[in-house]
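When you get a sec, could you build the whole thing from the sequences and use the hints?
Here is what each chain is made of, one letter per residue.
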Amino acid sequence: MNTPGEQRGIVLPGPVSAEGAGTGTSGTEPVGGRSAPWYRGRTHPTSEGPSPGVLAGDAPGGSLVRPYTMTRGRTRPSDYGPRLDMITIVVAVRGRAERPLEPEQREILRLCRRPISVAEISARLDVPMTVVKVLLGDLVAEGDVRTRASVPVTQLPEKKVLQAVLDGIRRL
Amino acid sequence: MASADSETRPGAREPTRQEPIPQAVKIIVAGGFGAGKTTLVGSVSEIAPLSTEEVMTEASFGVDDTGGVEDKTTTTVALDFGRITINSDIVLYLFGTPGQDRFWFMWDELSEGALGAVVLADTRRLDTCFHAVDFFERRGVPFVVAVNRFDGADDYGAEEVREALDVTEGVPILMADARVRTSCKEVLVELITHVLRVRSPALSG
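Protein chains in written order, with our numbering: chain A, 151 to 322; chain B, 24 to 228.
Any given hint could be a false lead.
Here are the simulated distance ranges between beta carbons [what the hints assert, rightly or not]:
| hint | chain 1 | residue 1 | chain 2 | residue 2 | range |
| --- | --- | --- | --- | --- | --- |
| 1 | B | LEU197 | A | GLN313 | 29 to 39 angstroms |
| 2 | B | THR108 | A | PRO250 | 45 to 55 angstroms |
| 3 | A | ALA247 | B | GLY193 | 55 to 65 angstroms |
| 4 | B | ASP174 | A | ARG321 | 29 to 39 angstroms |
| 5 | A | THR219 | B | GLY193 | 22 to 32 angstroms |
| 6 | A | THR219 | B | PRO224 | 46 to 56 angstroms |
| 7 | B | PRO224 | A | ARG222 | 42 to 52 angstroms |
| 8 | A | GLU248 | B | LEU197 | 47 to 57 angstroms |
| 9 | B | ARG220 | A | ARG321 | 16 to 26 angstroms |
| 10 | B | GLU182 | A | ARG226 | 43 to 53 angstroms |
| 11 | B | LYS208 | A | ARG246 | 38 to 48 angstroms |
| 12 | B | VAL78 | A | GLY293 | 23 to 33 angstroms |
| 13 | B | GLU182 | A | GLY223 | 50 to 60 angstroms |
Rough simulated footprint, nothing fancy, chain B against chain A, three-plus residues with beta-carbon under 8 angstroms [as the list claims (entries may be wrong)]:
| hint | stretch |
| --- | --- |
| 14 | 241–255 |
| 15 | 259–273 |
| 16 | 278–287 |
| 17 | 313–322 |
Don't read these hints as lab results, they were simulated from the structure.
A virtual CB, placed ideally from N, CA and C, is assigned to each residue, including glycine.
This is how it looks when you write it as structure tokens:
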């Protein structure tokens, strides 16, 4: 990916404040007045990781199981199911008969008793989103969960949705 | 829309008796590392901000020193997000962008279908949000610039920031404090108002 923007604009002149400039501030971003990180979960070795105050899932520690073991090596869901993106909303279908499921699938179904997004399932189970999508694809295929896709890329949001969002934010 | 849903799947038992599923929409919060993205998300989110991981597989580039055996690399990107339930039918998610340039590929998926974006600017390091401004301009994603006031940072006016960032008159620029809920609300209200304005000729419904 090219990184445009290098040619953009000029940096405002002015003193760089001594505290806070550079990477030394990582970890001091205040979140609601809390200063100490209180998230649990594994670290994020190849990214900047969760900011302080961010819940990195509810799992007490990293799983020793490689993520794609849960999906039997599959890295993407079947092409036949609905499109699953990070804010696709998923809900468990009621009244399904009990049947043997993988532990992760059971956990997903438990979380899906109320409507929940793919990203949130991933965060709460501390399982990468791509893995969650594969597992969900199986559950959709079995009729265990229903999904509602977010607005497709090509489609603009409806005015009434925007108006509802505006009203909702004003009520906060 | 309906064609992408699974509600009408023949395999789903008694689909008519199932409750309607809310629709999710998202807003992107961009800005440099440490600009206060997650602070802003946490200030308005109804849940403590969560972190999710996306594992991306990329074709590797550069010298192939493994003799063609290893032609792909996987990268894990952490995304922080929060949630606001708008009503029984709409849930709004706020996603912070990964702060590092090498996670640019993640921005494509993030911006897909987004209502709009907030670019959080830190006047001590304004150059860190040039990339975000460029990205949203090129993608046609409506955005506002919120200048996060940091203690100890020099106060700049909106017009100075506009000039430094080289954004057009049409893009709202406002001062904000990411730690303060009412301030973050104002930023989001400004954004959605802006989106309604710029999208109005093309909007349906």
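Verification of the hints:
no. : hint                                     : result
1   : LEU197/B to GLN313/A: 29 to 39 angstroms : 21 angstroms, violated
2   : THR108/B to PRO250/A: 45 to 55 angstroms : 34 angstroms, violated
3   : ALA247/A to GLY193/B: 55 to 65 angstroms : 56 angstroms, holds
4   : ASP174/B to ARG321/A: 29 to 39 angstroms : 30 angstroms, holds
5   : THR219/A to GLY193/B: 22 to 32 angstroms : 50 angstroms, violated
6   : THR219/A to PRO224/B: 46 to 56 angstroms : 51 angstroms, holds
7   : PRO224/B to ARG222/A: 42 to 52 angstroms : 49 angstroms, holds
8   : GLU248/A to LEU197/B: 47 to 57 angstroms : 53 angstroms, holds
9   : ARG220/B to ARG321/A: 16 to 26 angstroms : 21 angstroms, holds
10  : GLU182/B to ARG226/A: 43 to 53 angstroms : 47 angstroms, holds
11  : LYS208/B to ARG246/A: 38 to 48 angstroms : 40 angstroms, holds
12  : VAL78/B to GLY293/A: 23 to 33 angstroms  : 27 angstroms, holds
13  : GLU182/B to GLY223/A: 50 to 60 angstroms : 56 angstroms, holds
14  : 241–255                                  : holds (count 5)
15  : 259–273                                  : holds (count 6)
16  : 278–287                                  : holds (count 4)
17  : 313–322                                  : holds (count 9)
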